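**Student:** Listed here are the chains, written in short residue letters.
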Amino acid sequence: MTEAKEKPPVDSCSLALIGSGGAGVMTAGQILLDAAAEAGYFGLMTRSTGPQVRGGEAAAVLRLGVTPVGCQDDRIDLLVALDWGKAEHFSDELVLDADTVVIADSAEGEPPVWVTDSGARHYAVRLSELAGEHSGLRANIIAVGIVGSLVGLDFECMKNTIKRRLIGKGNLLADVIQTGLQASISAAESLQCAYKLAPPQPQPRWLLTGNEAVGMGALRGGVRFCAAYPITPSTEIQEWLARRLPEVGGCLVQAEDELASINMCIGASFGGGPAMTATSGPGLSLMVEALGLAVATETPLVVVDVMRGGPSTGIPTKSEQADLAIAVYGAHGDAPRLVLAPNGIGDCVTTTQWAVFLAEALQCPAVVLSDQFLGQSRAAITPPKDREWRAERRIAPADISDFQRFRDSSDGISIMGIPGTPGSEYTATGLSHKPSARPSAISADHRLQLDKQLRKLEQFDYGDDWADIEGDGSLGLLTWGSTTQAAREAVARVRADGSAVRLVSLRLIAPLDRVRLARALEGIDRLLVVEQSHGAQFFRYLRAGCELPSHTRSLAEPGPLLLRPGRIAATLRVLEMEQVK
Amino acid sequence: MTEAKEKPPVDSCSLALIGSGGAGVMTAGQILLDAAAEAGYFGLMTRSTGPQVRGGEAAAVLRLGVTPVGCQDDRIDLLVALDWGKAEHFSDELVLDADTVVIADSAEGEPPVWVTDSGARHYAVRLSELAGEHSGLRANIIAVGIVGSLVGLDFECMKNTIKRRLIGKGNLLADVIQTGLQASISAAESLQCAYKLAPPQPQPRWLLTGNEAVGMGALRGGVRFCAAYPITPSTEIQEWLARRLPEVGGCLVQAEDELASINMCIGASFGGGPAMTATSGPGLSLMVEALGLAVATETPLVVVDVMRGGPSTGIPTKSEQADLAIAVYGAHGDAPRLVLAPNGIGDCVTTTQWAVFLAEALQCPAVVLSDQFLGQSRAAITPPKDREWRAERRIAPADISDFQRFRDSSDGISIMGIPGTPGSEYTATGLSHKPSARPSAISADHRLQLDKQLRKLEQFDYGDDWADIEGDGSLGLLTWGSTTQAAREAVARVRADGSAVRLVSLRLIAPLDRVRLARALEGIDRLLVVEQSHGAQFFRYLRAGCELPSHTRSLAEPGPLLLRPGRIAATLRVLEMEQVK
Amino acid sequence: MSGEHQVKPRALAHKDYKSSYKPVWCAGCGDYGVLNALTKSLAALEIPTEQVALISGIGCSSRLPAYTRAYGFHGVHGRALPVAAGLAISRPELTVIAVGGDGDGFSIGGNHFIHACRRNANFSYLVMDNAVYGMTKGQASPTTESDWTGSKLAPQGTHQPPFQPLEMALAAGAPFIARAFSNASNELAQIISEAIEFPGFAFVQILSPCVTFRPEQLNWKKQVHEAFSPTADKREAYLKLLDDDGIGTGILYRAPRPCFQPDTAAARSLAAIAADFEVPA
Amino acid sequence: MSGEHQVKPRALAHKDYKSSYKPVWCAGCGDYGVLNALTKSLAALEIPTEQVALISGIGCSSRLPAYTRAYGFHGVHGRALPVAAGLAISRPELTVIAVGGDGDGFSIGGNHFIHACRRNANFSYLVMDNAVYGMTKGQASPTTESDWTGSKLAPQGTHQPPFQPLEMALAAGAPFIARAFSNASNELAQIISEAIEFPGFAFVQILSPCVTFRPEQLNWKKQVHEAFSPTADKREAYLKLLDDDGIGTGILYRAPRPCFQPDTAAARSLAAIAADFEVPA
Ligand SMILES: Cc1ncc(C[n+]2csc(CCOP(=O)(O)OP(=O)(O)O)c2C)c(N)n1
Ligand SMILES: Cc1ncc(C[n+]2csc(CCOP(=O)(O)OP(=O)(O)O)c2C)c(N)n1
Ligand code: SF4
Ligand code: SF4
Ligand SMILES: [Mg+2]
Ligand SMILES: [Mg+2]
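Chains A, B, C and D, in that order, give the protein sequences. In terms of the numbering used here, the first sequence opens at residue 1 and continues consecutively. In terms of the numbering used here, the second sequence opens at residue 1 and continues consecutively. In terms of the numbering used here, the third sequence opens at residue 1 and continues consecutively. In terms of the numbering used here, the fourth sequence opens at residue 1 and continues consecutively.
Hints are computed from structural coordinates only; laboratory data are not their basis. Given the structure is predicted, the values throughout are model-derived calculations rather than measurements. There's no promise every hint is true.
A few chain B residues that face chain A, going by a derived Cβ cut-off under 10 Å, partial list only [said to hold, decoys possible]:
1. H122
2. A327
3. I415
4. I418
5. I442
6. A496
7. G559
C-beta: ideal position from N, C-alpha, C; glycine also.
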């Protein structure tokens with residue numbers, strides 16, 4: 001015990017709470033995250049459950065830190081099992097080793113083989129017994145107390161968050177919380193555990209999921225209409241917006257299917273109002289015909305795709321980055337569009353806001369590629385700033401003369417007529433058309449519009465937000481979306497070994513900003529392209545559209561296990577050793 | 001007159017007949033093509049009409065030749081105007097010059113400016129007057145006689161085909177045809193026209209459109225079920241199959257939409273029978289979710305996409321090659337599939353037959369990319385051979401033991417259980433699954449199936465049909481689909497100038513046979529990639545998946561005007577002059 | 001989202017609602033009659049062109065919007081209704097009218113049709129029914145008689161009974177259901193006007209002959225007859241439909257119910273909403 | 001295309017039709033009752049497992065096929081009916097049964113539903129209706145009551161009247177229409193058997209409580225009541241439905257009509273067909 005207490009405090013620690021459905025591991029995890037945030041830490045919690053709608057095994061995986069936490073670590077420092085139920089389901093997700101501390105309810109008997117084989121140190125603790133001594137308390141709250149005290153969370157913060165989460169939901173009394181927590185802390189005292197966090201640097205924090213963050217970004221950008229059809233793991237965006245849109249004078253319509261939801265958004269946007277829908281892969285597949293319509297009619301529109309494991313129904317509750325190809329190429333014909341990707345939970349706010357702005361400014365659809373990891377993980381983060389981006393469309397004033405809806409201009413952007421405005425009446429059409437919008441099958445007309453639809457996207461100046469670029473050196477890592485978080489940590493580890501590494505994370509996927517990308521890759525002679533897909537979709541997309549350093553390697557893995565920093569760092573180190581031709 | 005008659009005969013000539021709706025230019029064109037075929041020539045006829053369903057201006061564009069004719073020429077040798085109606089609509093499609101002979105009804109007055117400006121030689125001929133002298137004949141038949149005699153078609157062949165097409169449809173008498181034709185031929189005698197064809201080499205010929213050819217290929221491959229929803233320009237495939245499938249014990253179902261049609265095909269194929277649907281871009285966009293389902297459930301399926309101008313509704317009656325990206329990449333998640341493309345009308349038979357064979361052998365969907373040009377043009381061709389490809393699936397015998405539907409094997413292909421067979425019952429699912437088909441969210445299971453779905457496609461030996469490779473040299477042209485025809489002619493012209501050129505036309509688009517392609521490109525130091533799309537989709541697809549010679553150029557043009565041999569040849573000649581770095 | 005632009009009524013004549021584009025329609029197509037009646041109705045209701053939005057899918061009939069001088073959206077096949085719903089719900093002050101064909105509306109668009117009936121957003125829906133796919137050259141549509149062998153895609157007939165648009169609309173919950181004939185211009189204009197003025201989803205099936213692929217429909221001129229007078233009683237409406245010969249005209253059913261209204265809430269600022277995410281310090 | 005495999009009837013017990021997979025369903029979910037009744041019915045009808053194909057889309061209910069030992073196809077959301085139609089039309093000797101939920105069948109799959117009723121291919125369709133999207137955690141479905149505020153996606157209710165599955169099926173032309181309750185195992189098995197044996201499209205709405213998101217549906221146990229006895233008279237069926245409380249059970253309508261049969265023709269060889277393309281020499 002004393003031995004452990006003397007170890008230096010850590011900057012971050014990884015916790016997992018597991019148990020059968022109903023054991024309350026998710027609640028415990030949330031309380032720990034809330035308490036850590038209140039104490040001034042950063043943190044991240046991901047949820048892992050079986051295919052059951054209710055019940056089934058569950059794991060709450062947390063990482064708390066003094067500095068921002070963007071991904072889970074390679075391994076678990078501290079595992080708490082409320083029961084061993086079907087814990088083996090998590091054996092490939094939760095990596096344990098000799099440094100792992102395992103705490104299990106003493107009523108539960110021996111840990112399963114994958115736990116003991118790891119060499120982790122195991123403590124049997126009277127979790128349920130202790131809970132029984134405090135009327136109304138359950139073992140999950142005892143676990144909160146023990147874990148909280150082991151990692152050094154402030155007592156008051158724990159008490160407050162438990163109260164906020166639980167009081168009123170049962171007949172739990174504030175006193176019981178106090179005494180139960182105290183008992184847990186005493187129980188923790190006998191445990192050797194070297195994962196006490198360094199003191200926090202209290203700052204304002206937001207606690208939210210990526211799905212909520214997308215909703216917030218949409219509102220900031222100016223979205224006032226959403227039509228959607230439920231689908232895991234995007235439904236929480238829809239649900240958040242259903243509640244919030246009316247508060248800002250907008251509304252959400254639950255559609256009969258995704259064909260309807262995207263076309264409703266097109267209708268609303270044709271009417272002048274920024275519109276968005278949120279879906280996941282199967283829904284996006286159903287939307288590509290309408291995406292092409294939005295391209296051809298130059299109708300602003302945001303489609304958020306919270307990616308899950310594919311193909312087809314795939315793994316609805318797990319993350320993957322394998323919808324990049326359909327986001328970029330989905331729709332028959334030449335149909336260029338914007339594709340953007342947030343690379344962190346806070347960035348879901350920023351990137352969605354930007355997507356709304358860009359879609360409106362460029363009069364075209366923007367696909368935002370979030371994923372299950374970003375969308376359904378909950379994090380304590382530094383509040384993302386409200387950016388200057390507000391939906392602003394080039395629209396016709398009343399009684400404009402010689403209005404031509406699709407007239408070409410130097411930047412390829414035309415003036416849009418909004419129903420209700422006299423003088424700019426026109427009929428938008430998915431047919432090839434003249435600048436006036438009149439249908440035409442003439443080659444020159446067709447070409448003019450295709451040129452304009454592409455040019456307006458390619459000529460626009462996207463500024464510095466097109467990518468996050470960090471560090472310098474001849475070794476490079478190029479990635480996108482949520483994988484950025486693990487990549488950043490991998491890069492930090494390789495840097496800690498003394499190597500210079502540059503990280504480039506693309507926020508603007510399409511159009512590919514070739515010029516800026518070339519500049520960002522200048523001086524890099526070995527490049528690793530990292531992504532979470534089986535088909536190396538990002539790598540191929542880059543190859544198709546730009547020149548990569550000749551010594552470029554692809555690290556592409558499908559889900560459902562997320563790429564972890566250690567794996568990426570190891571690959572980077574191998575690449576560093578490779579001879580450049 | 002004598003001057004012209006003394007000119008040497010030509011190997012091919014280009015004709016255009018134009019007139020307002022109802023003037024009968026299409027009938028006249030068909031008769032000329034039929035007669036030429038009967039006389040032993042090769043030929044091609046394309047149709048061009050306005051957006052009207054009936055009526056509106058029309059042009060029949062023909063090319064007749066002693067050797068196979070795959071595309072229209074750069075210019076028109078002989079233009080016949082039954083009237084000048086809205087002929088200027090065809091001014092960008094029909095290129096006239098000083099060598100063009102223009103014949104117009106003398107009742108019609110002066111030709112429009114684009115005709116006179118071209119410097120073409122113009123004859124006013126009493127077409128309608130002559131027709132009036134032969135009861136029941138219309139000016140279009142007089143035009144047939146004049147054109148036929150100018151290009152040297154056999155009198156009997158013309159008479160026979162007119163009879164076959166017209167007798168019984170009105171009250172036209174065989175005698176009238178005889179005398180009318182004779183009068184036309186006399187009228188032709190006074191015209192100077194140097195486009196008499198060299199003698200034909202009579203051989204068996206087929207006369208058909210690419211859409212009919214696709215139908216024939218499907219039957220040969222073994223397709224016995226089709227569900228479809230009408231869409232231009234694919235409907236004729238559906239209509240042909242509706243009539244023919246019952247004759248071979250199969251059937252066609254008209255579905256309520258494309259979501260239904262592809263899923264009906266999946267149902268029929270799950271039941272063991274080779275199934276196909278045919279559509280065009282908008283329909284394909286609606287089908288991508290189900291394509292992914294076919295990938296995940298390993299259900300054989302052929303989807304023929306007869307490409308038209310895009311994006312969105314685009315130009316339904318004109319050709320473009322811009323659905324390549326969605327054919328290859330459409331569907332969320334990693335969903336590899338077969339993509340094939342016929343590169344000529346006869347090849348529509350062959351490639352479709354191959355697609356059925358491959359889909360069945362590899363248990364996956366195959367997308368066949370035809371286009372409006374191939375689909376709706378009618379040609380006289382050498383009959384395409386029946387190939388050895390017959391649908392053959394690896395299926396479970398009755399009472400098989402230890403059946404696992406998705407068990408991996410060295411070639412990645414599993415044994416399929418067919419409903420009705422005892423012992424191989426299983427539930428196919430779009431969820432990630434174990435070899436047994438049981439749903440699973442476990443990483444190893446997911447990965448195994450993704451690996452297998454890709455590997456079975458990449459390891460298969462596609463043999464020599466993956467591409468057509470013609471000629472040798474360090475100058476190369478790489479193309480696909482219908483553009484191959486114009487490319488082949490361009491290559492022939494450049495060769496005639498004394499340059500060695502290699503032509504590679506990919507029939508198997510996906511998976512990309514990197515090894516064979518590298519071999520086919522060996523020794524090429526300048527490569528031109530030619531395609532009919534605005535976004536250079538083929539070029540980008542190639543860049544993404546393989547190494548191209550460092551000096552590679554893209555010639556990519558959108559529709560509706562097709563790339564012509566002259567344009568391609570000119571680009572090739574420029575490329576030949578370029579300095580290779 | 002609601003209109004910043006003022007409604008400036010200006011007296012327009014019927015022809016002022018037509019654009020200069022020459023329709024691609026065949027001579028004699030019933031859709032000309034619908035265009036006429038619709039513009040008559042708009043003139044009679046004195047709705048300025050800029051306040052009208054005509055939304056369509058794909059088909060001969062779906063070309064109609066561009067032949068007017070109103071705002072129009074000619075979207076993709078089968079999706080006119082969701083586009084119209086999105087517009088009508090977000091811009092309630094506009095006059096939104098969806099138009100299209102029987103294939104567009106009842107075949108590929110069938111799901112949106114039944115859900116639009118149920119949802120009851122405030123717009124009208126005019127279906128030019130010719131019991132055929134005109135634009136794709138003559139295939140059977142849902143309303144085609146089962147024994148029609150004129151289609152190469154179903155050369156032995158459709159093998160299924162025709163779709164009953166009015167009965168489906170009634171079962172699906174549409175509050176305004178009517179049938180009219182394209183040639184009977186004044187009656188049609190009158191019914192269109194009532195549909196436009198009806199608060200909610202108003203569905204009008206318009207018999208509109210396809211002279212090219214269903215020339216026998218020219219007989220409709222002699223056959224159509226008034227059959228319905230509006231009732232708000234569903235039972236009565238069903239009973240009438242059970243005796244329906246498919247070419248009786250009139251307003252079958254009119255039973256106003258509250259239009260679809262999305263959720264409402266007290267206004268909050270974005271800053272207040274963002275504050276929900278803040279961690280108590 | 002027709003079956004090369006012989007039907008070998010083997011007497012199987014009810015439980016022999018169940019697979020070894022543990023359902024992902026919540027304890028108490030109504031769908032267990034449907035699985036039970038369906039396997040009972042298959043056993044009673046003595047249909048061998050290999051002759052049965054269960055086709056579904058996506059949802060809790062759509063998981064059912066894998067819990068049986070028959071052939072199954074668990075496709076994508078809303079598309080069970082076309083998959084089933086393709087299979088039933090091409091393999092008429094099989095017993096094809098589509099199963100799924102109210103969201104799958106009436107929301108995203110609504111178009112296929114109405115067209116399946118009309119097409120009348122020979123298969124059955126069992127909809128486990130819980131008036132909610134179970135799998136996606138509790139949103140309103142088409143059959144949800146308009147004032148249900150339990151969904152976060154429509155916190156003030158759906159603002160629209162519920163979809164009436166039986167009425168829609170009747171209007172769309174379904175020849176067999178029934179309603180049953182998942183807990184009434186024997187009655188349900190009996191109705192399923194009648195649906196399977198019915199020659200044509202047989203639609204059964206099965207009230208199947210979602211204990212997790214609609215716990216109040218547990219009351220159905222006390223409330224359901226026999227309401228229908230089969231009629232072949234559409235008028236009578238409509239009149240019954242106009243008085244329907246939504247939880248009356250029984251076979252509402254049974255009016256056999258010829259099943260969908262695709263076109264037929266005299267057999268020709270491929271060579272003869274190819275010869276059509278030949279140019280007379
Ligand atoms: C997704 C898609 N599928 C098919 C088509 C082809 N298509 C165009 S119009 C049409 C049917 C038109 O019929 P209807 O709606 O009755 O209109 P009409 O031409 O008879 O007025 C079809 C199938 C298409 N444009 N898009
Ligand atoms: C294209 C598509 N959209 C949405 C979803 C998400 N989704 C899965 S099941 C479901 C609804 C299920 O409801 P229901 O059919 O009533 O089945 P239940 O779970 O209630 O049995 C939805 C919307 C999906 N899988 N695919
Ligand atoms: S084809 Fe029929 S529906 Fe289309 S324009 Fe001609 S007459 Fe009208
Ligand atoms: S969520 Fe509802 S429908 Fe789904 S399994 Fe649970 S009880 Fe059944
Ligand atoms: Mg029609
Ligand atoms: Mg349900």
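**Student:** So which of the earlier hints does this model not fit?
**Tutor:** 1, 3, 4 and 6
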